[in-house]
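There are 2 protein chains.
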Amino acid sequence: MTSRGAGPIYQRIADDLRARIQSGELGAGAKLPTEQSLTTDYSVTRATVRQAMQVLVNEGLVVSERPRGHFVRQIERLTYRPQKEWRERPLHRELDQFMDEQVELGRKPSQTIAVELATPPADVAARLGLGETDTVVIRKRVRYLDGTPFNTNDSYFPLELVQGSEIMHPADIGRGANVVLAELGAEQTHAVDEIEVRMPTPDEASRLEIGLGVPVAMHRVTGYTDDGRPVRVVRNVLPGDRHLIAFERTRPTKHERDTER
Amino acid sequence: MTSRGAGPIYQRIADDLRARIQSGELGAGAKLPTEQSLTTDYSVTRATVRQAMQVLVNEGLVVSERPRGHFVRQIERLTYRPQKEWRERPLHRELDQFMDEQVELGRKPSQTIAVELATPPADVAARLGLGETDTVVIRKRVRYLDGTPFNTNDSYFPLELVQGSEIMHPADIGRGANVVLAELGAEQTHAVDEIEVRMPTPDEASRLEIGLGVPVAMHRVTGYTDDGRPVRVVRNVLPGDRHLIAFERTRPTKHERDTER
DNA sequence: TCGACCTCATTGACTAGACAATGCAGACGT
DNA sequence: ACGTCTGCATTGTCTAGTCAATGAGGTCGA
Numbered sequence: 001m002t003s004r005g006a007g008p009i010y011q012r013i014a015d016d017l018r019a020r021i022q023s024g025e026l027g028a029g030a031k032l033p034t035e036q037s038l039t040t041d042y043s044v045t046r047a048t049v050r051q052a053m054q055v056l057v058n059e060g061l062v063v064s065e066r067p068r069g070h071f072v073r074q075i076e077r078l079t080y081r082p083q084k085e086w087r088e089r090p091l092h093r094e095l096d097q098f099m100d101e102q103v104e105l106g107r108k109p110s111q112t113i114a115v116e117l118a119t120p121p122a123d124v125a126a127r128l129g130l131g132e133t134d135t136v137v138i139r140k141r142v143r144y145l146d147g148t149p150f151n152t153n154d155s156y157f158p159l160e161l162v163q164g165s166e167i168m169h170p171a172d173i174g175r176g177a178n179v180v181l182a183e184l185g186a187e188q189t190h191a192v193d194e195i196e197v198r199m200p201t202p203d204e205a206s207r208l209e210i211g212l213g214v215p216v217a218m219h220r221v222t223g224y225t226d227d228g229r230p231v232r233v234v235r236n237v238l239p240g241d242r243h244l245i246a247f248e249r250t251r252p253t254k255h256e257r258d259t260e261r
Numbered sequence: 001m002t003s004r005g006a007g008p009i010y011q012r013i014a015d016d017l018r019a020r021i022q023s024g025e026l027g028a029g030a031k032l033p034t035e036q037s038l039t040t041d042y043s044v045t046r047a048t049v050r051q052a053m054q055v056l057v058n059e060g061l062v063v064s065e066r067p068r069g070h071f072v073r074q075i076e077r078l079t080y081r082p083q084k085e086w087r088e089r090p091l092h093r094e095l096d097q098f099m100d101e102q103v104e105l106g107r108k109p110s111q112t113i114a115v116e117l118a119t120p121p122a123d124v125a126a127r128l129g130l131g132e133t134d135t136v137v138i139r140k141r142v143r144y145l146d147g148t149p150f151n152t153n154d155s156y157f158p159l160e161l162v163q164g165s166e167i168m169h170p171a172d173i174g175r176g177a178n179v180v181l182a183e184l185g186a187e188q189t190h191a192v193d194e195i196e197v198r199m200p201t202p203d204e205a206s207r208l209e210i211g212l213g214v215p216v217a218m219h220r221v222t223g224y225t226d227d228g229r230p231v232r233v234v235r236n237v238l239p240g241d242r243h244l245i246a247f248e249r250t251r252p253t254k255h256e257r258d259t260e261r
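Taken in order, these protein sequences are the chains called A and B. Oh and the first sequence: position 220 is 220 in UniProt numbering, straight run, nothing missing. Oh and the second sequence: position 138 is 138 in UniProt numbering, straight run, nothing missing.
Rather than coming from a laboratory, the hints here were simulated on the basis of the structure. A quick note: this is a predicted structure, and the numbers were derived from the prediction, not measured. Hints may be right or wrong, so weigh each one.
Stated by the list, open to error - Pair by pair, the computed Cβ-Cβ distance ranges are:
1. A/E160 x B/V179: 46 to 54 Å
2. A/D227 x B/A126: 37 to 45 Å
3. A/A28 x B/R46: 32 to 40 Å
What the hints assert, rightly or not - Some chain B residues close to chain A (C-beta under 10 Å, calculated; not the full set):
4. A47
5. N58
6. E59
7. V63
8. S64
9. Q83
10. E187
11. V197
12. M199
13. P202
14. D241
15. L244
16. I245
17. T250
18. R251
All C-beta atoms, glycine included, are put in the ideal place defined by N, C-alpha and C.
Work the whole structure out from these sequences, hints included.
See below:
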């Protein structure tokens with residue numbers, strides 16, 4: 001049974017299990033052999049078996065549900081389309097564009113909103129052209145789908161811009177924060193999207209209730225007005241096992257290409 | 001010294017070290033205390049200390065360089081702009097658009113190219129509208145910067161489309177594979193970009209020489225001709241610690257919005 | 001019938017060791 | 001001065017255990 005090959009024993013055990021998962025023998029949601037049974041199968045101590053399990057957990061292939069056992073993780077990704085923010089208007093007043101899409105798939109969305117005044121983190125300060133001692137208004141949102149956290153969505157606005165507006169109220173803004181910004185004379189016509197891939201910080205992991213082996217994408221949007229002034233930064237944190245980020249491109253015409261920049 | 005707080009000891013050790021890293025006390029590249037010294041600091045066995053280290057390694061904060069010690073990982077991300085593929089023409093014949101950008105920053109790029117004929121993986125087959133028994137031409141590339149692997153770039157083409165063309169030759173195509181496709185009557189005017197975030201498979205990890213705790217982004221591009229026929233799928237695997245994916249958007253005019261789709 | 005309690009299989013946390021592998025630095029020889 | 005060799009600090013792998021925590025399922029009593 002012990003498949004030959006170089007390397008430490010725990011790697012071989014992990015390789016065997018991984019192969020059984022990828023071959024479909026252990027399908028999504030299936031229960032893996034118990035640590036105990038693997039110790040006898042491979043004639044090693046439980047510590048070694050646990051090391052093998054750790055490998056698979058860190059790869060995101062397996063989750064441990066103590067004390068029921070280890071299970072093959074099932075991954076279901078929903079498509080997240082940053083571009084749609086500007087393409088479609090929400091159908092349901094009380095939800096934003098992202099959630100809207102999910103309602104039609106029969107899911108039950110909800111969200112929590114909190115508003116804070118604070119100094120911006122370095123990346124946000126740099127993009128809004130502020131110093132780190134300036135104050136920003138932060139709207140922190142956690143979006144849920146069928147009761148489990150789905151992603152977080154923190155928007156940062158310069159205080160002076162949104163002072164006293166609806167944006168500072170910790171309730172959903174039916175028509176969207178962007179519309180409110182436009183009413184304040186800061187309509188956005190241009191945006192820069194940045195995506196950073198990394199493991200979650202412990203805060204993020206607890207806010208999103210994600211387990212070990214799940215990386216996140218940090219999708220940062222900086223919105224600019226027509227005259228190039230940054231007026232909004234959004235940081236979306238998307239757990240990797242629940243999202244597929246999608247966007248589309250059309251080839252610019254020759255004229256557009258030549259006049260670019 | 002043992003900072004109080006709930007949870008297992010190894011978490012507290014990890015928390016302490018993480019705090020020292022984030023506060024800047026242990027800057028990028030700094031050496032962490034040895035496992036031995038931590039065992040005495042916290043009065044635990046080395047197994048417990050190792051568990052704490054494992055946490056930080058899995059978070060991508062720390063790398064182990066055996067047997068020199070554990071070090072704070074230094075992350076330097078280069079900006080990757082999927083949209084530029086269609087916006088600018090390469091300046092250097094022998095390099096593609098992505099590498100081109102890096103040359104100007106004084107880096108030394110290189111790449112390896114291999115061409116294979118095989119059946120497509122499921123995701124590619126679905127997007128090209130092929131069965132899993134059809135044959136595709138795969139151009140596999142690994143791009144290096146200053147000698148270390150930077151990302152992989154695997155392009156899939158339907159065999160019948162590129163049969164006998166330059167695309168099947170395992171050498172760099174100066175004018176770009178897209179130009180060759182256009183010459184074959186399959187000019188792409190539309191593309192769908194998808195980004196999936198996950199931990200690397202063991203192959204990917206070895207191909208890209210990435211350590212534990214580094215997630216990857218899989219950037220998949222499907223290119224379509226004017227009449228909606230998919231002619232190319234590219235799978236780029238980007239290690240999270242070396243890439244920042246960026247793209248830009250301009251708000252569509254009212255007319256464009258109303259006539260969309 | 002239904003809640004309270006108990007048992008048990010299983011994973012989590014930790015101790016106390018042993019030996020292997022490997023860069024690095026310093027000693028040594030030519 | 002320069003290559004080689006050797007010792008050593010440090011991490012990697014593994015054994016052999018103990019006790020804790022917890023969800024699930026079954027027992028029992030009202």
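Hint by hint, work out which the structure violates, then give me just those numbers in ascending order. 7 and 8
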